[in-house]
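S.K.: One letter stands for each residue in the lines below.
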Amino acid sequence: MRLLRALGSFALGLALVASGFAVAAFLLGLMRGEVDARRSVAAAIGVVVLVAIVRFARFERVLGGYAGLMYVFLYAPILVVIVYSFNGGRNVAVFESFSLTWYEQALDSEQIRSAVGRSLQIALASALVATILGTAAALSLGRLRPVVRLPFDVLVFLTLVVPELVLAISALIFFVNTGFELGTTTMFLGHTIFNASLVMLIVRARFVSMGSTLEEASFDLGAGPLGTFRQVTLPRLLPAVLAGGLLSFVFSFDDVVISNFTSGAGNQTWPLYILSALKFGLRPDLNATATMMFAVTLVALVLVGLILRGFGRKTGEASVGAGTIAG
Amino acid sequence: MCLASMKVEAAVEPEGARVAGERGRGGLILEIALAALALVLCVGALVAIGELGLGLWGAALVVLAVAAVFVGLRWLSVVVRGSDTRPTYPLQLALPSLAFHTAFFVIPLGFLVVFAFGERVGFGGVAYTFNLGNFSDALDRLYIDAFLRTLRFAFVGTVLTVLFGYPLAYWIVRYASPRRKNLFLLLIIVPFLTSQLIRSYSFLIVLSDSFYLSEWLQKIGITQGDLGVLFTGTSVQIGIVYGYLPLLVLPVYASLERMDWTLVDAAGDLGAKGLTAFREITLRLTMPGLITGVLLVFIPMMGEYVIPLVLGGGNIDLIGNVIQRSFLEQRDYPFGAAMALLVMSALSLLIVVYLFVATRTEEQFGQ
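Read top to bottom, the protein sequences are chains A and B.
Letter 278 of the first sequence, counting from 1, is numbered 277 in numbering that gives the first Met the number 0, and no numbers are missing.
Letter 19 of the second sequence, counting from 1, is numbered 18 in numbering that gives the first Met the number 0, and no numbers are missing.
Don't read these hints as lab results, they were simulated from the structure.
Please read these numbers as outputs of a predicted model, since none were measured by experiment.
Take these hints with a grain of salt, some might be off.
Computed Cβ-Cβ distance ranges for the label pairs, DEER-style [said to hold, decoys possible]: (1) B:Ala35 - A:Arg144: 17 to 23 Å; (2) B:Arg173 - A:Leu3: 20 to 26 Å; (3) A:Phe58 - B:Val352: 30 to 36 Å; (4) B:Ala32 - A:Leu297: 46 to 52 Å; (5) B:Val352 - A:Val153: 18 to 24 Å; (6) B:Asp264 - A:Val50: 24 to 30 Å; (7) A:Gly223 - B:Ala35: 22 to 28 Å; (8) B:Val352 - A:Phe156: 16 to 22 Å; (9) A:Leu157 - B:Gly273: 38 to 44 Å; (10) A:Asp219 - B:Arg24: 25 to 31 Å; (11) A:Val93 - B:Leu147: 37 to 43 Å.
Computed, partial: chain B to chain A, Cβ under 7 Å [what the hints assert, rightly or not]: (12) Leu90; (13) Leu92; (14) Pro95; (15) His100; (16) Pro107; (17) Leu108; (18) Phe110; (19) Leu192; (20) Thr193; (21) Ser194; (22) Phe202; (23) Val205; (24) Ser207; (25) Gly319; (26) Phe326.
Computed far set for chain B versus chain A, every beta-carbon distance over 12 Å [claimed, not checked]: (27) Leu27; (28) Ala37; (29) Thr231; (30) Asn314.
C-beta atoms are modelled at their ideal positions from N, C-alpha and C, and glycine is treated no differently.
My request is simple: use the sequences and hints to build the entire structure.
M.R.: Listed below in structure tokens is the structure:
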């Protein structure tokens, strides 16, 4: 019964979007002066359906169907890639038979293996360094006076707001002219600019909301600054610190733009391998490669989820995870 | 910048110093001077990583050593001066990150500006001059067209993500069962954090003429003949909307979640139902979240070059592609830098105008 209701909502959402699309297509055609019979009929039906939906359907159900449609839009393409990674045929767009050939081929490729190794190394180093820098900065900035904090805030905000492309090209110019050899090192440094700011924001949000009462108590009981940090502050901050670190890992692991500019010749990371392979068209083994990459990211995300959830349960705070990531 | 902020701290600190009693002005100045010196040295060390040729983990160690320097500095001041009686985390802890961002963000931006005025020499070389030629080259009709095209793609993309994303967030907050709310939110976050590249290239399959979608659409009679949208503006536009949808939903969700829904009920009791209540209350109260979301998707859309590269098949040239090519293919750094600066200035101007208009309407709403 519930399933039937959900399907009904979904159909409503579909009808809404389809008729909206028909009307929009008609109006666009009208603006360009191309009116044909097909479009006009479709638009007329669309208007009728829209009116009927607004008049008779319950708002909640239409909206639910619309939301469901959006989830399909978000996930269908990813699922297609995953399903097609098991496709035995050579044709990339027609599913023929189930097979693991492309996985074998991808895992056998020396090029892919070295790209994966490079990606993992860079992501690990970047996550580690960004976590340490970001957490230290968050501790300091979380309790500073606004006047002192402002320049730091502006800097952090800028690293997050400036288009990644600009970050990448200025890093490239800088590296080339200060004796850096483009490669894993430069990619690591490039990723860490963004990641350190990200960790800073996540940890600081948690740190500020924690308040300082427990730390003051710890001081009054005679624990020094280091003891207080180790025994009181860090344990309570740990979920945010770990979440920040894992998100940094994910961002660095998936990064295309900064890597593309600062990799130099022959230092492909995993995403760069996919990007360069795509220049010669889609190949079936890319789906297998992509699915494996997707899996690594997903494992990291599940870890974040588990950490935040465990923490949320312990302290009884609902939706810590969502709040942490959504800012 | 750091020095300025340290001075500010110096200006506000004496009050606390008197309370502590043993912290003289001279000691404080010495401490600040020491921190500033360390900062300069550390930035130097970071920039020198390149010359040293340390490799990935060597570079990571140097960065961590920078952090250690400042922790050591703090420890020194505690030893000299005695520990604080209240839990404070000193400014020194923000300095490693400041050194890092100075070395690899602020200084590179400086390089970008200097290069924009430079002159190209050979392949990838530059002569440091004051030359406005790059800017006049960049203002060519061809590139202005590319910029306007990018603006159109970003504008349509932003409008569509709002149309798709706002109702979605609204549904999760208002109608999803409370137990499943976090799950639905998580389902938005996961695509946002998975590889943008894979998510864009998935449309190479989905929109392909030989895929089932094309077949089905023909069968129901929506299209005649093959779908034929791959490697056109349409596929790029779809890819852009798809890529940035989650980024819009998250801030809108946050602002809807924080909203006080009893206000809507109150409005209903007073006669404002449905659309009126939505326009007068919900939209007004979630405007900040919507503005954030729009900026979060619009800015990166203006710099996007990967999606047109993958889904445009070389037919769609956005301004990001022009910049990317001038750096990675033509190696004309000064031209690319000038172009990037122009785009950045135009973008900032747009954002300022947008924020002005958006906050003004918000204020009007608020009366």
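S.K.: The structure should be examined with respect to each hint, and the outcome stated for every one.
M.R.: Against the structure, the hints come out as follows:
Distance hint check: the CB atoms of B:Ala35 and A:Arg144 are about 19 Å apart, consistent with the given range 17 to 23 Å. One distance hint, 20 to 26 Å for the beta-carbon pair B:Arg173 and A:Leu3, holds here, with the actual separation near 23 Å. As the Cβ distance of A:Phe58 to B:Val352 is approximately 35 Å, the hint placing it in 30 to 36 Å holds. Distance hint check for B:Ala32 and A:Leu297: the Cβ-Cβ separation is about 50 Å, which falls inside the suggested range of 46 to 52 Å.
As the Cβ distance of B:Val352 to A:Val153 is approximately 21 Å, the hint placing it in 18 to 24 Å holds. One distance hint, 24 to 30 Å for the beta-carbon pair B:Asp264 and A:Val50, holds here, with the actual separation near 28 Å. In this structure the supplied range 22 to 28 Å holds for A:Gly223 paired with B:Ala35, their Cβ-Cβ distance being about 27 Å. Between B:Val352 and A:Phe156 the beta carbon distance is about 20 Å. The supplied range of 16 to 22 Å therefore holds.
Look at A:Leu157 against B:Gly273: about 42 Å separates their beta carbons, and that is inside 38 to 44 Å. Taking 25 to 31 Å as the suggested C-beta distance range, the pair A:Asp219 and B:Arg24 conforms, at roughly 29 Å. Between A:Val93 and B:Leu147 the Cβ separation comes to about 39 Å, which falls inside the hinted range of 37 to 43 Å. A hinted interface residue such as B:Leu90 counts as satisfied when its beta carbon comes closer than 7 Å to some beta carbon of chain A; here the least separation is about 6 Å, so the hint holds.
With a cut of 7 Å, the hint placing B:Leu92 at the interface with chain A holds, because the nearest CB-to-CB distance is about 4 Å. About 5 Å separates the beta-carbon of B:Pro95 from the nearest beta-carbon of chain A, less than 7 Å, and the hint is met. Proximity of B:His100 to chain A holds as hinted, the smallest CB-CB distance being about 6 Å (cut-off 7 Å). Taken as an interface hint, B:Pro107 checks out: its beta carbon lies about 4 Å from the nearest beta carbon of chain A, inside 7 Å.
For the restraint placing B:Leu108 at the interface with chain A, the shortest Cβ-Cβ distance is roughly 5 Å, inside the 7 Å limit, so the hint holds. Restraint check, B:Phe110 versus chain A: the minimum CB separation of about 5 Å is within 7 Å; hint holds. The interface hint given for B:Leu192 is met, as the beta carbon of that residue sits about 5 Å from the closest beta carbon of chain A, less than 7 Å. Evaluation of the B:Thr193 hint against chain A yields a held restraint, the C-beta minimum of about 5 Å falling below 7 Å.
Because the beta carbon of B:Ser194 sits about 4 Å from the nearest beta carbon in chain A, less than 7 Å, this interface hint is met. A cut of 7 Å between beta carbons decides the hint on B:Phe202: the least distance to chain A is about 6 Å, and the hint holds. Because the smallest distance between the Cβ of B:Val205 and any Cβ of chain A comes to about 5 Å, under 7 Å, the interface hint for this residue holds. The restraint placing B:Ser207 at the interface with chain A holds, with a minimum CB-CB distance near 4 Å, inside the 7 Å limit.
Evaluation of the B:Gly319 hint against chain A yields a held restraint, the C-beta minimum of about 6 Å falling below 7 Å. Taken as an interface hint, B:Phe326 checks out: its beta carbon lies about 6 Å from the nearest beta carbon of chain A, inside 7 Å. Separation of B:Leu27 from chain A is adequate, the least Cβ-Cβ distance of about 14 Å exceeding the 12 Å criterion. Listed as a non-interface residue, B:Ala37 keeps its Cβ farther than 12 Å from every Cβ of chain A; the least gap is roughly 14 Å.
The beta carbon of B:Thr231 is kept farther than 12 Å from every beta carbon of chain A, the shortest such distance being approximately 15 Å. Distance check on B:Asn314: its Cβ is at least 14 Å (rounded) from any Cβ of chain A, clearing the 12 Å threshold; non-interface status holds.
The structure agrees with every numbered hint stated previously.
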